[in-house]
Each structure stands twice: as C-alpha cells, then as structure tokens.
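J.: Counting from 1, position 99 in the sequence shown corresponds to residue 99 in the UniProt record's numbering; the numbering is continuous, with no gaps.
Hints are computed from structural coordinates only; laboratory data are not their basis. Do not take every clue at face value.
[To be verified] Label pairs and their in silico Cβ distance ranges: (1) PRO3 - ARG97: 40 to 50 Å; (2) THR102 - LEU68: 36 to 46 Å; (3) ALA77 - PRO3: 36 to 46 Å; (4) MET53 - LEU107: 23 to 33 Å.
Since we're looking at a predicted model, the values are computed, not measured. Heads up, the beta-carbon is just placed ideally off N, CA and C, and yes, glycines get one too.
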Amino acid sequence: MRPLPQGIAQALAAAALFGISTPLAKMLLGSMPPVLLAGVLYAGSGMGLLTWMALGRVRNRVPVEAALTRRDAPWLAGAVLFGGVLGPLLMMLGLARTAAATAALLLNL
C-alpha cells in the first residue's frame with residue numbers, strides 16, 4: 001500500500017486536531033477563563049506553526065510565496081481580527097455556555 005501524499009496526511013491531521021479541540025477545550029474551561037483559554041490555544045498553534053516552519057528550513061524546503069503589498073493590508077487586518085481574535089474568543093465564550101457535544105455539532109455546520 002502506498003503512503004498518503006503529504007498534503008492529504010496534513011489535512012487529515014488538521015481535521016483530527018480540530019475535532020478533538022472542542023471537547024478538550026470544554027474540559028479546560030472548568031479551570032481557566034474563556035479569554036485566557038482562547039489565547040493559550042492560539043499561542044500553542046503559533047508555536048506549532050513556528051516549529052513546522054523551522055523544520056522546513058532545516059530540510060531546505062522553504063516555499064516561495066508572493067510578498068504582501070499595501071493592498072493586502074486591510075484584508076490581512078480583517079483576517080487577523082476576525083479569524084485570529086474574535087473567532088477564538090467568541091468560540092470559547094460560547095463553549096462555556098453550551099454542552100461540548102452541541103458545540104462540536106455546531107462547528108460542523
């Protein structure tokens with residue numbers, strides 16, 4: 001049997017990690033406030049991404065991407081604000097007020 005292509009394996013790993021994050025976050029909400037948990041989750045995500053990028057540089061697999069321009073700044077700011085700040089914060093606040101199973105089902109809509 002041939003191994004999965006790298007992109008498919010990464011997509012499956014990302015889906016699995018996203019799927020287990022809601023029940024784990026619900027358990028952690030009992031011991032820390034939602035705002036702090038949202039920050040901790042995204043700090044951990046950032047550290048994981050930095051590690052992944054560092055390993056790519058060690059293996060000399062640096063992807064070539066187009067540079068950001070001034071026209072990209074509003075879109076980037078919006079993505080950071082809504083996807084990186086408000087999204088996780090509102091998700092943790094909502095998760096604190098609902099059952100983990102309900103939240104997991106709602107995230108799959």
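J.: Decide, hint by hint, whether the structure agrees.
T.: Here is what the structure says about each hint:
no.	hint	verdict
1	PRO3 - ARG97: 40 to 50 Å	holds (43 Å)
2	THR102 - LEU68: 36 to 46 Å	holds (39 Å)
3	ALA77 - PRO3: 36 to 46 Å	holds (40 Å)
4	MET53 - LEU107: 23 to 33 Å	holds (27 Å)
When each numbered hint is compared with the structure, no violation occurs for any of them.
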